[in-house]
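Below, each chain spelled out in residue letters.
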Amino acid sequence: MKHIIESQQFKVPRIMDLFERTNFMKKVVARGGTMDYQNKIMASLFYSPSTRTRFSFESAMYRLGGKVLTTEQAREFSSEIKDERLEDTIRIIGNYCDVIVLRHHQVGGAKKAAEVSATSIINAGDGSGGQHPTQALLDLYTIHNECHTVDGLSVAFIGALDNGRTARSLAYLLSKFDRVKLYFIAPDELQIKPDILAHLDEHNINYELTNSTKGILSKVDVLYVTRMDRERLQRKNVKLEEYNITPSVLKQLNKKARILHPLPRSVEISPEVDQDPRAAYFRQTENGLYLRMALLSMIFDGD
Amino acid sequence: MKHIIESQQFKVPRIMDLFERTNFMKKVVARGGTMDYQNKIMASLFYSPSTRTRFSFESAMYRLGGKVLTTEQAREFSSEIKDERLEDTIRIIGNYCDVIVLRHHQVGGAKKAAEVSATSIINAGDGSGGQHPTQALLDLYTIHNECHTVDGLSVAFIGALDNGRTARSLAYLLSKFDRVKLYFIAPDELQIKPDILAHLDEHNINYELTNSTKGILSKVDVLYVTRMDRERLQRKNVKLEEYNITPSVLKQLNKKARILHPLPRSVEISPEVDQDPRAAYFRQTENGLYLRMALLSMIFDGD
Amino acid sequence: MKHIIESQQFKVPRIMDLFERTNFMKKVVARGGTMDYQNKIMASLFYSPSTRTRFSFESAMYRLGGKVLTTEQAREFSSEIKDERLEDTIRIIGNYCDVIVLRHHQVGGAKKAAEVSATSIINAGDGSGGQHPTQALLDLYTIHNECHTVDGLSVAFIGALDNGRTARSLAYLLSKFDRVKLYFIAPDELQIKPDILAHLDEHNINYELTNSTKGILSKVDVLYVTRMDRERLQRKNVKLEEYNITPSVLKQLNKKARILHPLPRSVEISPEVDQDPRAAYFRQTENGLYLRMALLSMIFDGD
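Residue numbers (my numbering), protein chains in the order written: chain A, 1 to 303; chain B, 1 to 303; chain C, 1 to 303.
Please keep in mind that the hints were generated in silico from the structure rather than gathered at the bench. Keep in mind that this is a model prediction, so the values were computed, not measured.
Same chains, same label: a pair holds when it works inside one copy or across any pair of copies.
Result set (DSS-like, lysine-lysine): computed pairs, CA atoms no more than 27 Å apart in a straight line:
1. Lys27 to Lys2
2. Lys26 to Lys2
3. Lys27 to Lys11
4. Lys176 to Lys219
Required output: the full structure, derived from the provided sequences and hints.
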C-alpha cells in the first residue's frame, strides 16, 4: 500500500487489519501518548480549503510524533505561475516530505499525482463527485464500532447523493461485505448515479431507490445523512424539509439505529438531534483521528 | 481554570501566581530550554487574521515543547459550507487538540464556543469592542515588571478608546488593584464607553476623562497608547496630531513613566520614540511569549 | 554570518564549507535521521506566496529537528492595520523565533529587515529583480555536484533575464570562480541588465550576449533555463518557441551538459525533456533541502 487513492483498493482483510490498528491508536491517544514517528514529515497540500479534514490529518500526524508542512489554499498561494502542472508540483514537494495528503479540485487529481510520485499520496478528496477514501474508511469504522459488524446491515443514504463524494465512496466499501442492504433516499434530481448502481449489481448487493423516508427509517441500522446545498436545492425546487432529520423524524427511526454524517452539516440535521444517543456523528469525526493515525502508520511501516 | 474568556475571571492571587510562572518561563527561554509538553497540541483557530498574536501563541506552545495546528483565515478557508455553526466547528476541532486558541469576528464568540467545548478555549480576541484577555494580562505583567507594583499607579489611556478591545480589557484588570488612578484621553467621539466607567465606579476606582494630554503626562506612571484608525478619525474630523506620541510629547512625560502599546502601531507613536528607555512596547510584546507559555501550562496542568 | 541577504556576501572558502555541510545533511536525510536542533524555531514570513520555497525551508527546519511558525500570505493576513512598518513587524516576530525566513514583495526588503533585527534574517526572495541568495547557492551546489567543479565552466542563461532574480543572483556567485564563461541568451528586450555586466567586467569574467541558441548549446557545460512569463512576452511580441527547451533542442546540447531550472516551470521546458539524464532540475530542487539545512545549521551554530 503505497498510495491511498480510492475506496475500491481496500480488500476486507486489509480493512479489518486497519480497524485493529485504529483501535490501538485510540488507546494511545486516550492515555495521552504519542507514537515514535518523529522523523517523518507529512505535507498537507490542499487545493480546496477544508480546515476540518486538514486538522484531522495533521493532528493524526502529531499524535504519531511526526511533523507537518501545510498549505490552506494551494491554488491561490502556490507559486508565481498559474499554469504549473500538478505532476511537477508533486515531484518537487515529494522531496520535502514522507507523505503528501492531497485535496484537489479536479476528479482524478490524486490518481494523476500518484502516477508520477515517488512519495506516498493520500487522496483527501478529489473534486465534486470524485472520491474521499479516508472519509469512507472512517465512516465504515464507525459503523463497525457502533454496530459491532458490517455484514447483514441495512444502511440508508439520504440527501444530495448525485455528487456526494462521501456517499459514493462508502457505497463502494459496503459492497465488499455480505448481505448488506442499501437504501438511497433522495429526490429524483439528486439520486445516486448509475455507475454506483452498476457496481452494486456486479457485487450482488440489494438496494432500493426512493424519494421518501416513509417505511424505511424503522428498518435501517444506519442512517447516513449527507449535505444538502440549499442554493442548489432551491434552484431544483426540492422541498428541503422532507430530507431534514428533526426530533419528529427520530421517532420513526429504529431504536438501535445510528445516525452518521460526514460533517460539516448545514440544515440537514437539527441541533436538537445531537442529544440523542443514536446521533453518532461527533463520535464519527473523532474516529477520523484514530483511523488516519492508523493509515499513516501503515504507510510509514510499509505495511 | 478551564477556559480563558474574559479579564474579569482572574482574581488577584491567581494573577500573581500567573506572573510568577511567567517569570519562570522567561528563564527557561533565556537559557534556550523547552518545557515537557511534547504530547500536547494547540489549535490556532483565527477567524480574523493576526499573524502577530497567532505567532505569539504558537511560539509559546513550541517553547513548551508542544505542537500546533493552524489556520490563518478560518472564515474564508474553513469548509465548503458557509453557514456552519461555530458550536459544531468547536466540537469537531476539539477532538484534534488539547486547547483551542480562538480569534472570532463576533463579540461573544469565545463564550459561545466555551459553552459547548470539552476542550479548553482561549479567547484571542472576539470582535471589535469585545475582549482580549491574554493581551490585558501581558499588559498588566509588563506594568508590574516595569514598575514593580500595580497598587497605587496612575495609568493614562490614550487613543480611540470606544472600541479599543485592549484598553477595555486592561481597565477591567486594573480595577482589581488598590489605589489606582485612571485617565482616559480621547476626543469625545472616541471616549471609553459608559459600561467600563460603571464597572470602575462599582469598584471605587478613581478616573478622569479628558480631551487633551495637558497636565496629565507629568503625573502618570504608565501611558497606554492604543491604535488610531486614520480613516475613521478623518471621517470624525479628529485632529490626529494631538493624540500622537512624538519626541516633543516625551518632554512632558514623567521621567519614570513607561509607554505601552499593544502593537501593531500605525502613526500613534513616532519611530523616534523607540530609543527612549521609557518606551516599553517592544519589551511588552516579548513578555507576551512568556505569559502565554504560563497560561497554556496552567491549562495543561489543570491549575 | 548573522543574516543571509545577498549572494555577494559569500566568499569561495565559505561556499566550499557550506557545500561540505550540505553533503553531510544529504547523508543525514538519506539514513532517515534528524539533527539536534529541537529547541530552535524558524518563522516563515512570506509576503508573496510560494509554497515550494516555503516547504523547502520548513522541511529543512524539520529535518534539523526544529519547529516552524508559518504564514502563507503575510501581506493579506498580517494585521488589522495595513500600514505597519516592516521594521516593527520584524522586531516583534523576532521575539518568537530564532530565525526569520523572509520573502518580501519589495526589492531591498530583506536588507531593511536585517538592519533592525536582533534575530537572523534569511532573504527568500525580495521583489522582482531583487535577490534570492539561497536559490543561487543551491544552483551553484548543483552545478558543483553534477560537474565536480565550478572553475573553468561555461554556463548559458536562457529566458527572461532582465528581471530574473535567480539568474542575477547566480551570476554574482559564478563571478567569484576562475575561468568561467557566461552566455546570456535572450531577446534584446529581456536581456540581462547592465549592472550585472558591469559586475562581471569588474571581476574579469568572460561573457557573451546573444538572441539565439545557435552555436552555443554544443559548447556549454550548464544550461540554466529561467521562467518565461507568457503574457509579458506576448506583449513584447517575442517568439517564445525560440527559447523553449524541447527534445529537438536537446540534440544540439553538449552530451555532458546539465540543464538547470529554478522551478516552477511554465512552458520553457517540455515534459519530454525530463527523461534525459542531462535534465538536473529535479535533483536541483532536492538539493535545496540539504543546502537550506546546512545554511540554517550554520546560523544556529554561529559559524
